[in-house]
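Colleague: Letter by letter, the chains look like this.
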Amino acid sequence: MERREGISKLLGRELYIDDVPMDRGLWGATVRSPSPRGRIREVRFSPDVNWDEFVVVDHRDIPGENHVWLIESDQPVLAADSVRHVHEPVVLLAHHSREMVHRAVRSVEVIVDPAPPVLDFRLPPGADGIQHGTDNVFSHIVIRKGDVDAALADAPVVIEGTYETGAQEHVYLENQGMVAWIDGDVVVVKGSLQCPYYVHAALTHGLGRAEDRVRVIQSPTGGGFGGKEEYPSVLALHVALLALKAGAPVKMIYDRPEDMAATTKRHPAWIRHRTGVDLDGRLLAQAVEVVFDGGAYVTLSPVVLSRGLIHAGGPYACDNVRIDGRAVLTNSVPFGAFRGFGAPQTIFAVERQMDKIAEELGMDPVELRRMNLIREGQSTATGQIIRDGADRLEVLDRALDLSAYREKQEEHARFNAAHEDLRRGVGLSTYFHGAGFTGGGEVHLSSVAKVEARPDGRIEVLTSNIEMGQGTLTIFTQIASESLGLEPDDVVIAEADTFRVPNSGPTVASRTVMVVGRLIEKACADLVAKLGDSDLRGPDLKQAIVDWYRKHSGGVLDGAARYEPPPGTSWDEDSYRGDAYGAFAWGACVVEVEVDLRTLGTRVLDVVAVQEVGKVLNELLARGQIQGGVVQAIGWALMEECVWSDGAMVNNQLTNYMIPTSDDVPPIRVDFLEAPYAHGTGGAKGIGELPVDGPAPAVAAAIEAATGTHPRVIPVTPERLMELYDGA
Amino acid sequence: MRVLMPDTLEEAYGMLAAEPLTPVAGGTDLLAHWPGNHDARKRAYLDLSGVSGLRFMHWGDEALTLGGLTTYSDVIWDSRVVEEFPLLADAGGQVGSIQIQARGTWAGNIANGSPAADGVPVLMAYDAVVVLGSEEGDQEVLLADFYLGYKKMRLRAHQLIRAIRLPRREYDFQRFVKVGARNAQAITKIGVALTRSEERWRVVVNSMAPTVRRCPALEAMLDEDRPVSGPEDLLTAIREDLAPIDDIRSTAAYREKTLARVLYFDLKGVCPSFA
Numbered sequence: 145m146e147r148r149e150g151i152s153k154l155l156g157r158e159l160y161i162d163d164v165p166m167d168r169g170l171w172g173a174t175v176r177s178p179s180p181r182g183r184i185r186e187v188r189f190s191p192d193v194n195w196d197e198f199v200v201v202d203h204r205d206i207p208g209e210n211h212v213w214l215i216e217s218d219q220p221v222l223a224a225d226s227v228r229h230v231h232e233p234v235v236l237l238a239h240h241s242r243e244m245v246h247r248a249v250r251s252v253e254v255i256v257d258p259a260p261p262v263l264d265f266r267l268p269p270g271a272d273g274i275q276h277g278t279d280n281v282f283s284h285i286v287i288r289k290g291d292v293d294a295a296l297a298d299a300p301v302v303i304e305g306t307y308e309t310g311a312q313e314h315v316y317l318e319n320q321g322m323v324a325w326i327d328g329d330v331v332v333v334k335g336s337l338q339c340p341y342y343v344h345a346a347l348t349h350g351l352g353r354a355e356d357r358v359r360v361i362q363s364p365t366g367g368g369f370g371g372k373e374e375y376p377s378v379l380a381l382h383v384a385l386l387a388l389k390a391g392a393p394v395k396m397i398y399d400r401p402e403d404m405a406a407t408t409k410r411h412p413a414w415i416r417h418r419t420g421v422d423l424d425g426r427l428l429a430q431a432v433e434v435v436f437d438g439g440a441y442v443t444l445s446p447v448v449l450s451r452g453l454i455h456a457g458g459p460y461a462c463d464n465v466r467i468d469g470r471a472v473l474t475n476s477v478p479f480g481a482f483r484g485f486g487a488p489q490t491i492f493a494v495e496r497q498m499d500k501i502a503e504e505l506g507m508d509p510v511e512l513r514r515m516n517l518i519r520e521g522q523s524t525a526t527g528q529i530i531r532d533g534a535d536r537l538e539v540l541d542r543a544l545d546l547s548a549y550r551e552k553q554e555e556h557a558r559f560n561a562a563h564e565d566l567r568r569g570v571g572l573s574t575y576f577h578g579a580g581f582t583g584g585g586e587v588h589l590s591s592v593a594k595v596e597a598r599p600d601g602r603i604e605v606l607t608s609n610i611e612m613g614q615g616t617l618t619i620f621t622q623i624a625s626e627s628l629g630l631e632p633d634d635v636v637i638a639e640a641d642t643f644r645v646p647n648s649g650p651t652v653a654s655r656t657v658m659v660v661g662r663l664i665e666k667a668c669a670d671l672v673a674k675l676g677d678s679d680l681r682g683p684d685l686k687q688a689i690v691d692w693y694r695k696h697s698g699g700v701l702d703g704a705a706r707y708e709p710p711p712g713t714s715w716d717e718d719s720y721r722g723d724a725y726g727a728f729a730w731g732a733c734v735v736e737v738e739v740d741l742r743t744l745g746t747r748v749l750d751v752v753a754v755q756e757v758g759k760v761l762n763e764l765l766a767r768g769q770i771q772g773g774v775v776q777a778i779g780w781a782l783m784e785e786c787v788w789s790d791g792a793m794v795n796n797q798l799t800n801y802m803i804p805t806s807d808d809v810p811p812i813r814v815d816f817l818e819a820p821y822a823h824g825t826g827g828a829k830g831i832g833e834l835p836v837d838g839p840a841p842a843v844a845a846a847i848e849a850a851t852g853t854h855p856r857v858i859p860v861t862p863e864r865l866m867e868l869y870d871g872a
Numbered sequence: 003m004r005v006l007m008p009d010t011l012e013e014a015y016g017m018l019a020a021e022p023l024t025p026v027a028g029g030t031d032l033l034a035h036w037p038g039n040h041d042a043r044k045r046a047y048l049d050l051s052g053v054s055g056l057r058f059m060h061w062g063d064e065a066l067t068l069g070g071l072t073t074y075s076d077v078i079w080d081s082r083v084v085e086e087f088p089l090l091a092d093a094g095g096q097v098g099s100i101q102i103q104a105r106g107t108w109a110g111n112i113a114n115g116s117p118a119a120d121g122v123p124v125l126m127a128y129d130a131v132v133v134l135g136s137e138e139g140d141q142e143v144l145l146a147d148f149y150l151g152y153k154k155m156r157l158r159a160h161q162l163i164r165a166i167r168l169p170r171r172e173y174d175f176q177r178f179v180k181v182g183a184r185n186a187q188a189i190t191k192i193g194v195a196l197t198r199s200e201e202r203w204r205v206v207v208n209s210m211a212p213t214v215r216r217c218p219a220l221e222a223m224l225d226e227d228r229p230v231s232g233p234e235d236l237l238t239a240i241r242e243d244l245a246p247i248d249d250i251r252s253t254a255a256y257r258e259k260t261l262a263r264v265l266y267f268d269l270k271g272v273c274p275s276f277a
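Protein chains in written order, with the numbering used here: chain A, 145 to 872; chain B, 3 to 277.
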């Protein structure tokens, strides 16, 4: 099946938001805080600029509540009297000239009386640093299973390790951008975003408008990776405020330096493990402490933390587990959603800890994992019993076979002996990822998908789930056409416009195919049932639709479905016990590296990623998801490093924030095992985030095998590795 | 913003003599900083791309001469250059991206004056001479003497780099090593060009001082066959020759150590004094 938007992207015909012409509109720009923390004493407008030409908006122009609607109401739309991070938005400007408005930003000075900032999330804040509650802790969650203290006390061996992961920038190809205009009494915002209804809710709250007086439309979106999950709500509020005050359309497009400096990143993490094992390597107790840097405001940190903690024990069976995690405030740009949503951080730590355990016990890391991987009927840290028919050992063995893991180890011993300045090594990780919202999240979302028949017999699919490069349009077309026996061209996917599509939830959490795809299947069945014959398919169905419209002039034949949780699942939010996710996908990754001892630079020679994701619905798209995720994880593991000053990223250009090029990644070999999931579309589980979880620890393990160093902090830049190597 | 577009070299010299202009050849350095650089839009530019007769490679008996508009690609794809001056192709092929290599010029790389310039170390290691043209006539400066400090050079406002001349010699060792944060499209953290001709070494390093520069202390160690038993034996000379800093791309310590290791491992089989 052809990719739906493929040709228009290939030919450059796809109109991203910055490509939409703006004839009579204004350009917006943002004046930001220069300071990490303090009270705003004055906002000074330079007398050298004729401000009458500009539309100027500050916090006094906000008709609704001055906060960005999300989990908590702490983040202002525009700072009123104090700031909590560098680049915090304070004033908005609009002008008919794009050039002039950007120049004018430099003519507005925000003068801040500084207060001491909190910049290191690993340290407890001093009394003068408290800015949230009594301790700057945004969220504190503890997962408990069995009796960890007793098990640690009785364990023959207790192994400790501390691990750290850095922030990561999304580097979506298309920067953040939005247009707003007024249509009668409706504020319309169109732009690059993942979650139309998040933006819609933020606008109704911030603008103080009724739901039907706010309309949000997604424009073709050039990548998101979580970076367009919550941040677009901020930009949408800004552009709408300017448009309301100007009474004209306003466009705001961040350039790359502004985008990298002012928007969210992956949460930096500090994680400590204490693991009790018996002499054979069986896990007896896992005590895990997790700290995530939340940045200046709560945003999504509590839910990122939650997912991180649920995955912090790894895909292993252990009877005694305590995972204690906090997300804390610093005076940095807020950290936010990023593909994997906390799990890549905690999985990096547990996988490195498994390698440490293996080394200290003198065990093979493969055998240690094989012994502890969850078997059917065993349970995760939250007590979720796994009985999904997936063979986690087979996933591991397939990765070992495909990568020739054992043969490579022997080959490397010979290679390393023959080379003075090159070292090769191979590393492994096993991991899992829960798909969909955590716990009762999907029930709470209560997503709805719709399908509508057209008089010519075609079917339109209406959801709020969006295409951002991952293939939503194609897979939704495939799901609808296959379930109705129609040709792909008989299926139309509606634009994600809140005036037309129901709220099927955000395009996040690996939920699009597994959760929303299933709703589309059910909505299709609902529509067919209305024709009186549930077996209608293909040309017969088309004919029946045409006939229906002949008989029902002015009517609409449609179908709808609302989310229902899989039977027998239960989750208790207070105790953090139960079925955290409808399904987990399982993975194993083998990475081979070569380290140049002259530069301590690491080159990835080979990657094998094997996963069990339920039924693979579209193998080409699925492989693309895995390969892209692996590349993103290799970048995070080796080179992607945010350089900070006063809580602001200072290497905010693509020349100085390095992501891998095609010359930095080898062909990535992907294989799937399939154990169909009864409650996912056609047996599918989630796939989007799993591939980011495994490669980083496998890269670190391969470097360890190559060099004898013990990387516990990523990215393992050459600078960091040289310190480890020379210190070793 | 004003852009002047001369057709001939004489016309260009005249325009340069009349007012301060920023010469532009391939435009790659200008473009990289264009979006956020509002001051760049106020300047006046001299667009050299239409000047005829400036893009050439001329082989004389004594020297190869590159024109002021000769690009990296021109050199990379020329088999004769690859054979006789292989480091030009090595370095040119590691500058920016393929698009940059197609537009970027050797003369522009010199005139931009970046300490991280990838084209300059290899030219300097081949003892290149910069030919500066103006209404007053030509002036020749050895590239090794061209830089005076960070972005400061022996190039007056009315002069253009008209050509670059490389003496033709026999070399028995030539190497260029670029260390960047990734394998392609990276700004150099440490770069070194090494040549040996008639028992004399040239060691030229970029990204480790305010300018690309030759390293006399290292060259003396090599010329005099002083014993080197490990990378650390090179550190004193490296510190004498260079002044690396901590910046957003790397650290001074990493740069020093890595240069020492690259020199040690790459010269070990070449210099008998390296144990």
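By construction, these hints were calculated from the structure, which means they are not laboratory data.
Remember, predicted model here, so these are calculated numbers, not experimental data.
For every residue, glycine included, the Cβ atom is placed at its ideal position computed from N, Cα and C.
Watch out, some of these pointers could steer you wrong.
As the list claims (entries may be wrong) - Just some of the chain B residues that point at chain A, by a computed CB distance under 7 Å:
{"no.": "1", "residue": "P37"}
{"no.": "2", "residue": "H40"}
{"no.": "3", "residue": "V181"}
{"no.": "4", "residue": "T260"}
Unchecked claim - The list that follows gives simulated cross-link-like pairs (lysine to aspartate or glutamate, DMTMM-like), each with its CA atoms no further than 25 Å apart:
{"no.": "5", "chain 1": "B", "residue 1": "K270", "chain 2": "A", "residue 2": "D870"}
{"no.": "6", "chain 1": "B", "residue 1": "K270", "chain 2": "A", "residue 2": "D399"}
{"no.": "7", "chain 1": "B", "residue 1": "K44", "chain 2": "A", "residue 2": "E253"}
{"no.": "8", "chain 1": "A", "residue 1": "K389", "chain 2": "A", "residue 2": "D740"}
{"no.": "9", "chain 1": "B", "residue 1": "K44", "chain 2": "A", "residue 2": "E867"}
{"no.": "10", "chain 1": "B", "residue 1": "K44", "chain 2": "A", "residue 2": "D565"}
{"no.": "11", "chain 1": "B", "residue 1": "K270", "chain 2": "A", "residue 2": "E209"}
{"no.": "12", "chain 1": "B", "residue 1": "K270", "chain 2": "A", "residue 2": "E243"}
{"no.": "13", "chain 1": "A", "residue 1": "K759", "chain 2": "A", "residue 2": "D399"}
{"no.": "14", "chain 1": "B", "residue 1": "K270", "chain 2": "A", "residue 2": "E520"}
{"no.": "15", "chain 1": "B", "residue 1": "K44", "chain 2": "A", "residue 2": "E243"}
{"no.": "16", "chain 1": "B", "residue 1": "K44", "chain 2": "A", "residue 2": "D399"}
To be verified - Reference excerpt, derived from the structure (chain A facing chain B, CB under 8 Å, subset only):
{"no.": "17", "residue": "R247"}
{"no.": "18", "residue": "P401"}
{"no.": "19", "residue": "D565"}
{"no.": "20", "residue": "M783"}
Colleague: Are the hints correct? Go through all of them and say.
Modeller: Hints, verified against the model:
1. For B/P37, the shortest C-beta to C-beta distance to chain A is roughly 5 Å, which falls under 7 Å, so the interface hint holds.
2. Hint status for B/H40 relative to chain A: holds, with the closest Cβ pair at about 6 Å, below 7 Å.
3. For B/V181, the interface hint holds, the least distance from its beta-carbon to any beta-carbon of chain A being 5 Å, beneath 7 Å.
4. Look at B/T260: its Cβ gets to within about 5 Å of chain A, closer than 7 Å, so that hint holds up.
5. Pair hint B/K270 plus A/D870 holds up; C-alpha atoms about 20 Å apart against a cutoff of 25 Å.
6. Restraint check for B/K270 and A/D399: not satisfied, since their Cα atoms lie roughly 48 Å apart, outside the 25 Å limit.
7. Proposed proximity of B/K44 and A/E253 is supported: the alpha carbons are some 22 Å apart, at most 25 Å.
8. Our distance criterion of 25 Å between C-alpha atoms is broken by A/K389 and A/D740, whose separation comes to about 58 Å.
9. Of the supplied pair hints, the one linking B/K44 and A/E867 is violated, its CA atoms being roughly 45 Å apart against a limit of 25 Å.
10. Taking the CA atoms of B/K44 and A/D565, the gap is about 50 Å. The hint is violated against a cut of 25 Å.
11. Proximity of B/K270 to A/E209 is assessed by CA-CA distance (about 69 Å); at most 25 Å being required, the pair is judged violated.
12. Of the pairs offered as hints, the one joining B/K270 and A/E243 is violated, with about 56 Å between alpha carbons and a cut-off of 25 Å exceeded.
13. With a C-alpha separation of about 40 Å, the suggested pair A/K759 and A/D399 falls outside the 25 Å cut-off, and the hint is violated.
14. Annotation: proposed proximity of B/K270 to A/E520 is violated, straight-line Cα distance about 57 Å (limit 25 Å).
15. The straight-line distance between the Cα atoms of B/K44 and A/E243 is roughly 12 Å, inside the 25 Å bound, and the hint therefore holds.
16. Only pairs whose Cα atoms come within 25 Å are accepted, and B/K44 paired with A/D399 is accepted, the gap being roughly 20 Å.
17. Because the beta carbon of A/R247 sits about 6 Å from the nearest beta carbon in chain B, less than 8 Å, this interface hint is met.
18. For A/P401, the suggested interface contact is upheld, since its CB lies about 6 Å from the closest CB of chain B, less than 8 Å.
19. Annotation: A/D565 was flagged as interfacial toward chain B, and the flag holds, the nearest CB pair being 4 Å apart, inside 8 Å.
20. For A/M783, the shortest C-beta to C-beta distance to chain B is roughly 6 Å, which falls under 8 Å, so the interface hint holds.
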